[in-house]
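Enquirer: If you want the building blocks of each chain, they are given just below.
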Amino acid sequence: MLADAARLAGAVGRAMGVTWRNFWRKPVTLMYPDTPRRYPDRFRGLLALVYERDTGEEACIGCRLCEYICPPQVIKVEMLKAEKRNYAKTFTLELYSCEFCELCVQVCPTDAIVMLRSFDLATADRRELLLDKDRLHALGREFDPSWATGNRLRDMQAPPKAARAEGKGGKAEVKAE
Amino acid sequence: MSPILYHTLVAFVVLNAVVGMVTYATLLERKFAARMQSRIGPYYVGWPHGWLQPIADAIKLMLKEDIVPRSADRWVYNLAPIAFLVPCVLIFATIPFAPGLGVADLNIGVLFFLAVSALEVVGLFMGGWGSNNKYALLSAMRAVNQIISYDLPFIFAALVPVVLSGSLQMSAIVEAQRGLFGWHVFAGGLLGPLTFLAYLVATIAAENRVPFDILEAESELVAGFRVEYSGMKFALIQLGEYAHMIGTSFLGALLFLGGWLGPGPAVLGPLWFLLKAVFIFLVVTWVRWSFVRIRVDQILAVSWKLLLPATLVLLLLAAFVVAWGGSGA
Amino acid sequence: MEVVEIGYGGSERLTMNMGPQHPSAHGVFRAILTLEGETVVGIDAVIGYLHRCHEKLGETLTYVQYPSIASKTDYVAAMTSELAYVSAVEKLGKFDVPRRAQYLRVLAAELQRIASHCLWLGTWCMDMGGAIGGGATVFLYCFREREKILDLFEALTGARLLYGFHQIGGVRYDLPAGWAAQCRETIDVIEQRIGEYEAMLEDNEFFLVRTRGVGVISRELAQEIGISGPLIRGSGVDFDLRRAEPYSSYGDFDFKVPVETAGDCYARYRVRMVEFRQSITIVRQVLDGLPEGPIGSRPGVKSVGQVRVPKGEGYARVEGPRGEVGCYLVTDGGPKPYRMKWRGASFSNLSVLPHILPGVKVADVVAIMGSVDPVFGEVDR
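Chains as they are written, first to last, in our numbering: chain A, 1 to 177; chain B, 178 to 506; chain C, 507 to 887.
Read the hints as simulated data drawn from the structure, not as lab findings. None of the values given here were measured: they were computed from a predicted structure. Just so you know, not all the hints are guaranteed correct.
Cross-link-like lysine-lysine pairs, in silico, DSS-like; alpha carbons within 25 Å at most [to be verified]:
{"hint": "1", "chain 1": "C", "residue 1": "K562", "chain 2": "C", "residue 2": "K847"}
{"hint": "2", "chain 1": "C", "residue 1": "K578", "chain 2": "B", "residue 2": "K482"}
{"hint": "3", "chain 1": "C", "residue 1": "K808", "chain 2": "C", "residue 2": "K578"}
{"hint": "4", "chain 1": "C", "residue 1": "K578", "chain 2": "A", "residue 2": "K89"}
{"hint": "5", "chain 1": "A", "residue 1": "K81", "chain 2": "C", "residue 2": "K562"}
{"hint": "6", "chain 1": "C", "residue 1": "K654", "chain 2": "A", "residue 2": "K76"}
{"hint": "7", "chain 1": "A", "residue 1": "K133", "chain 2": "A", "residue 2": "K81"}
{"hint": "8", "chain 1": "B", "residue 1": "K208", "chain 2": "A", "residue 2": "K26"}
{"hint": "9", "chain 1": "C", "residue 1": "K600", "chain 2": "C", "residue 2": "K654"}
{"hint": "10", "chain 1": "C", "residue 1": "K847", "chain 2": "C", "residue 2": "K578"}
{"hint": "11", "chain 1": "C", "residue 1": "K817", "chain 2": "A", "residue 2": "K84"}
{"hint": "12", "chain 1": "A", "residue 1": "K84", "chain 2": "A", "residue 2": "K26"}
{"hint": "13", "chain 1": "A", "residue 1": "K89", "chain 2": "A", "residue 2": "K26"}
{"hint": "14", "chain 1": "C", "residue 1": "K654", "chain 2": "A", "residue 2": "K26"}
{"hint": "15", "chain 1": "A", "residue 1": "K133", "chain 2": "C", "residue 2": "K808"}
{"hint": "16", "chain 1": "C", "residue 1": "K562", "chain 2": "C", "residue 2": "K867"}
{"hint": "17", "chain 1": "C", "residue 1": "K867", "chain 2": "B", "residue 2": "K311"}
{"hint": "18", "chain 1": "C", "residue 1": "K867", "chain 2": "C", "residue 2": "K597"}
{"hint": "19", "chain 1": "A", "residue 1": "K76", "chain 2": "A", "residue 2": "K26"}
{"hint": "20", "chain 1": "C", "residue 1": "K808", "chain 2": "C", "residue 2": "K867"}
{"hint": "21", "chain 1": "C", "residue 1": "K578", "chain 2": "C", "residue 2": "K597"}
{"hint": "22", "chain 1": "A", "residue 1": "K76", "chain 2": "C", "residue 2": "K808"}
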């Protein structure tokens, strides 16, 4: 009986000791949004369309691969044919249904659609989340893009032929640690 | 001024002080609990550190819609918060905060306190029954079981300092604790600490605090007997609970930790009293945030099989100590 | 509307609804309990509140699209759900998976197991201890640890909860620079913190009295009824898919499979606590022995119909944190399966409830539900 009481006292003391120790630790609270949160390089945030680096033209060629692969079918693209290359006439993305799975980024042959390192688009009106082409381009200029683009992802995933591409552009990631 | 006017004024001041203490006790508990859980408690309201949070909560509760379930027993349902609150606040009438500073320093003070604080179970049961809700009813059943079972060890534990001091009057009990290590918590070797421990456990149980809060177990009964109350009625119930908690903390400080005795001039007495009561409150809070709750049959087993025999034995021991050493201080 | 008077005549039975919205239903689960006083005499379980037609989605989405969606069945342990689907497709299509990808899959699965068990412990203690009580303390500590693992996954894949990490023939993302060091640091911290939780709970009379002897699943019942995972290992059946049918190069790693014989909530708790530490051991072994090489045996996804699986049917299963998660596919040679069926671990585990709940008190219902650890994404799919 006394041994039971002693064991109970010991257990109670240990449990209260753990809470006491945590009392003195620094809280893990991050005072967001006063303190900005550091997003990792590969963060799958908002989507955006980008321009080509060398010519400054829109990178999207309206090929609709992203539209076909999107699982919830939130992307709708119309192609505009021109002489040298095609463009996207309209490009709508319903961000409220997007799953942020990055499959559209994965298939894009020209690295036109990317995901950004931010998701700060909270709004009270769902219609603001129906992003059209201008909005997507504006988002691309506003936030930093993540590391992932179509070619980088495909190079990372493909078997050894990618090793030759690694020497070329330095876009593949370090393989091991 | 006439005695009636004087006493009314004092009662009014004490009542307001109690309500103020209770609201800020909720903030203290939330900040203390938050630090133990690696987070910051209320912060933005009343920046910094949430000083206006209790006021904001009180205003919110006052502005909420008062919903009465259609099939509830109207009289019982509406009167329950009041029946719960009144005993919980009435106990403060007997506590003297300093020699001569109190509403009424009855010469049966401790008896009055214990008797009135046991009346809260009536309000609780009225709330559970009047809500016409199975969860509330289950909780009310458990409450009646638990609070009545734990009132007995609570009373016996509180009677030990009475026996050691030889009086039921609260100021006399404090006076009997004068001198270094004169506090009742140090009395009679192991008697004092064990009784204090029994008092704390009985308080936690009579207060429905974890680990004995089966009757308002959020994960099963979703707030128990309070589940159908909203708005000001809920505020009254919360007020009553915390007032009872603080009241028993003050009683514990008075019976075991020497009340207003402490180093320094006599005018610091109420401050020491407050600090000791807050200490007991924080220990109870610390226990609350460290343990899971136990089942109702296990709670009753602890009360009847462990605490009640223990406190009876301690009371007998106290009687021996007094007979040996002469009664009084 | 008719007003119903509740009657309580002592020996009469009371029907109480632990409805789909309940702080401890672990999701959307409706249990219609028949009570006699405080004792449960019968349970009528209603599920289906979270049905999202996964099996139909499997028929309309191709093999390339579905792995991202597969994580949404058991959303708490997303990596193992994806692994089940991808393993089934690879088995039927006879695609092989390079060794580095297999090791990365093991790494993801074991880190996911640690994260899932953190969530289990936190929510279980919160159910038993109250949302404003000691349970909430353990809950916040466990989530503090889980956040660290989620940060690791965020650095690896970019998403915190639903990853899309697996692909047919390998994985989609390789380790970024500095990730392995961060991972080692994280699991060191977690190992030490698990010690703290055990100190808080083990030996703690309040916890033991709530879990010892509560919800006993006998060994015969466990073998008959088709439950899996920590539930059978807590009842004395020594079966773990990672050791019985090693998939994804689990055979290369050395780990113990915990088995307890008591069959009560405490036994299942001990099994999961040992699994915590064993998962940490496996993660360390993977990081030490990670081979070089490609992370996929097929070229990166470029079009939606890229993967075609010849006609056939087959079943692949993995050991998730809750038990055996399996995917049964019937394929017809095209880019989409003809039929896909998920074997959800929690769905089968819930079938044990009508056998163990009668006779326990109401307060034990939450303790038992917590130790069964259902996730309703898997139950309702």
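Enquirer: Which numbered hints are broken by the structure, listed smallest first?
Expert: Those not satisfied are hints 2, 4, 5, 6, 9, 11, 12, 13, 16, 18, 19 and 20.
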